[in-house]
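Protein sequences, first through last, are from chains A and B. If you use our numbering, the first sequence corresponds to residues 9 to 354, in order. If you use our numbering, the second sequence corresponds to residues 9 to 354, in order.
Because the hints were derived from the structure by calculation, they are not lab data. Values in this document were obtained by computation on a predicted structure and should not be read as measured data. Glycine included, C-beta positions come from ideal geometry on N, C-alpha and C. Some clues are possibly wrong.
[Stated by the list, open to error] Some residues of chain B that are not near chain A, with every Cβ distance over 12 angstroms (derived):
hint, residue
1, Asp-68
2, Asp-117
3, Arg-184
4, Glu-265
5, Gly-295
[As the list claims (entries may be wrong)] If you want the footprint, here are the derived chain A segments under chain B, 3+ residues with CB under 8 angstroms:
hint, segment
6, 26 to 39
7, 217 to 231
8, 294 to 307
Number of protein chains: 2
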Amino acid sequence: MGEQNRQWVLTHRPVGNKYADAVELVSMQTPDLAEGDVLIRNIYFSLDAGTRMWMGPREDSYSPPTPLGSPIISTVLGSVVASRHPDFQSGDLVRAYGQWADFSISRPDEVYVERVSRRLDDLRQHLGVFGANGWTAYLGVLEYGAARPGETFVVSAASGVTGALAGQIAKQHGCRVVGITGSPRKSAWLTEELGFDAAIDRNAVDLEQALRETCPEGVDVYFDNVGGAVLDSVLANMSLFGRVAVCGLLVHYDQNEPLPGPARFDQILMKRLTMTGFFSPDFYHRGPDLNRRMRPWYEQGKLQMAFDVTPGLENTLDAYSTLFTGGKIGKALVQVGDLDATSGLS
Amino acid sequence: MGEQNRQWVLTHRPVGNKYADAVELVSMQTPDLAEGDVLIRNIYFSLDAGTRMWMGPREDSYSPPTPLGSPIISTVLGSVVASRHPDFQSGDLVRAYGQWADFSISRPDEVYVERVSRRLDDLRQHLGVFGANGWTAYLGVLEYGAARPGETFVVSAASGVTGALAGQIAKQHGCRVVGITGSPRKSAWLTEELGFDAAIDRNAVDLEQALRETCPEGVDVYFDNVGGAVLDSVLANMSLFGRVAVCGLLVHYDQNEPLPGPARFDQILMKRLTMTGFFSPDFYHRGPDLNRRMRPWYEQGKLQMAFDVTPGLENTLDAYSTLFTGGKIGKALVQVGDLDATSGLS
């Protein structure tokens with residue numbers, strides 16, 4: 009007998025940052041599990057900018073477009089309530105590719121499903137420091153960005169989950185850390201709570217000029233989450249042999265056609281820069297090792313994370329839209345299940 | 009007593025690819041040598057696309073703009089006829105930063121001047137395989153591009169000196185090599201003389217589509233000499249984790265303002281590409297080692313080079329302009345001195 013399950017289904021390709029006409033909340037019974045599937049009661053699911061891309065029609069993004077009529081895919085934290093996969097059983101806490109829904113159905117042999125520990129002071133950190141955002145931040149700083157102690161490190165969307173973690177990791181690594189963000193409140197959070205050396209509110213200044221003043225010797229590593237005009241401003245300020253770790257191109261995601269590339273693209277040659285694009289599913293297998301490396305910093309309070317939790321599946325679209333208008337600090341989650349009730353299952 | 013010396017002097021910032029109103033041939037006596045200077049009788053000087061950049065006003069290129077009233081700088085091959093530097097003496101064959109002129113005055117403590125051997129079957133190769141173009145090709149393929157045997161390697165401006173050498177080096181390394189060029193004659197040279205696996209005449213086809221057909225599994229390494237629309241067409245065809253070695257952005261050089269970046273810039277993220285800009289003066293010090301590595305291929309006839317030699321200093325501007333209109337195959341040189349007479353000095 010199925011569970012009543014509400015899920016957000018893509019019905020049309022969205023226009024810009026409007027989702028009400030593109031995604032519909034549909035209620036149905038969960039089907040009988042097929043061999044190899046697990047049924048997960050979602051506690052949280054993650055709101056990720058990248059999801060916007062596969063809502064669109066473009067064929068040349070990470071993944072093919074989500075077919076119309078299909079539920080929206082997202083990373084979820086939840087508990088297995090039924091399993092027809094030998095490696096998972098009812099009561100397991102898992103992080104998985106699931107759906108914007110009350111329940112997720114996932115097939116571990118085909119998509120990411122991983123059992124995670126309940127012994128964590130804040131289980132949301134499975135979708136924060138100790139999940140894909142944390143791994144992305146760690147590798148973006150230390151491998152793709154190849155940051156060295158003493159270097160100047162700049163990160164955009166710095167008050168988002170990945171940006172905030174990247175800045176803190178760079179700081180632990182001995183860099184001078186500058187965050188680009190979009191409001192005084194966010195800037196204050198970065199410098200006062202997270203230990204950034206400086207923050208620039210890009211809505212209040214000429215960013216290129218502000219970077220020139222804040223980073224007079226140039227930017228050695230730029231961790232880019234947004235692309236567009238912000239990238240251009242940083243490119244104009246890169247130091248010789250600098251590195252640009254391209255983690256996200258937020259301004260491109262709600263476009264159905266490619267945008268013009270950075271006008272200062274030629275700086276890659278003039279400054280002999282290295283730019284590298286990276287994407288977390290490529291290194292999910294390194295997660296356990298990366299978590300071990302980050303755990304000491306976390307335990308010392310050096311890797312802090314704010315969570316912006318929207319309660320209620322029905323409120324997903326507004327929360328998602330706010331992700332692109334700069335209204336969020338830290339990790340954006342939707343809470344659809346009860347953590348306490350679930351943790352009692354272990 | 010000085011020598012009569014004609015030299016090309018920059019009088020105005022050029023517009024587009026027209027040089028007659030911007031550069032003037034001036035004749036004067038060479039001055040008395042200052043302490044630390046050497047006087048070089050030029051045999052050949054090199055015509056390089058990059059020179060166009062510092063003729064312009066842009067401050068954000070490799071080097072500051074050439075001051076108006078100064079001679080045009082270029083790499084020369086010539087013989088020292090007078091020296092006030094302890095490491096050089098009259099009769100030395102040198103490769104140096106000199107001038108578009110009959111004679112160059114260079115200061116080895118401040119600019120590149122290196123004694124080179126007369127024991128080379130074709131001394132022009134000091135400005136070909138065994139000079140900056142060869143080093144650029146070698147490192148662009150093997151280090152910046154990190155080409156691996158079996159991979160698909162694409163190079164633009166493939167019939168230019170750097171492109172032709174890069175393709176041959178990639179071929180020796182075991183890659184499948186495709187050259188992008190601008191005429192049937194150049195395409196034939198690449199495939200019939202240099203051993204490229206394929207060549208695409210970008211003026212005869214839809215380049216993006218032609219690359220899709222020629223490289224059905226994607227482009228693993230792209231050695232870019234041109235930027236612009238060609239780069240976009242290749243970006244659309246890169247394979248996952250591909251590398252773009254950005255050696256030159258020819259289409260940008262005669263622009264006084266930055267051009268828009270590649271419209272397919274977002275492919276750096278979608279395909280997790282690495283793009284690296286590089287510039288030969290950064291690795292001049294590695295030249296002797298790189299020449300040792302390339303010599304066996306050269307001796308086996310695996311690194312061939314065509315020379316497009318313009319005789320006569322007075323013909324420099326027409327030859328230089330042709331560099332940008334695709335009229336050259338191989339290394340473009342101007343010959344201003346007599347090789348035989350000079351070699352008698354050694």
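- request: Between the segment 294 to 307 of chain A and chain B, see if three or more residues pass the 8 angstroms beta-carbon test, and mark the coverage as holds or violated.
  value: Check failed, 0 qualifying residues.
- prompt: Is it the case that B/Asp-117 keeps its Cβ farther than 12 angstroms from each residue Cβ in chain A?
  reply: The claim stands: B/Asp-117 keeps its Cβ more than 12 angstroms from every Cβ of chain A (closest is about 22 angstroms).
- request: Go check the segment 26 to 39 of chain A versus chain B for me, would you? Three or more residues, Cβ under 8 angstroms, otherwise it fails.
  value: violated (count 0)
query: Beyond 12 angstroms from every Cβ of chain A: is that where the Cβ of B/Arg-184 lies?
result: B/Arg-184 is indeed farther than 12 angstroms from all Cβ atoms of chain A, at 23 angstroms.
task: Check the non-interface label on B/Gly-295: least C-beta distance to chain A beyond 12 angstroms or not.
output: About 17 angstroms separates B/Gly-295 from the closest Cβ of chain A, which puts it past 12 angstroms; holds.
- prompt: In terms of Cβ atoms, is chain A entirely out of 12 angstroms range of B/Asp-68?
  reply: violated (6 angstroms)
query: Does the no-contact call for B/Glu-265 survive, Cβ to all of chain A over 12 angstroms?
result: Label violated. Min Cβ-Cβ 9 angstroms, cutoff 12 angstroms.
- prompt: Against chain B, does the segment 217 to 231 of chain A show at least 3 residues with beta-carbon separation below 8 angstroms?
  reply: violated (count 0)
Checked against the numbered hints given earlier, this structure breaks hints 1, 4, 6, 7 and 8; the rest are met.
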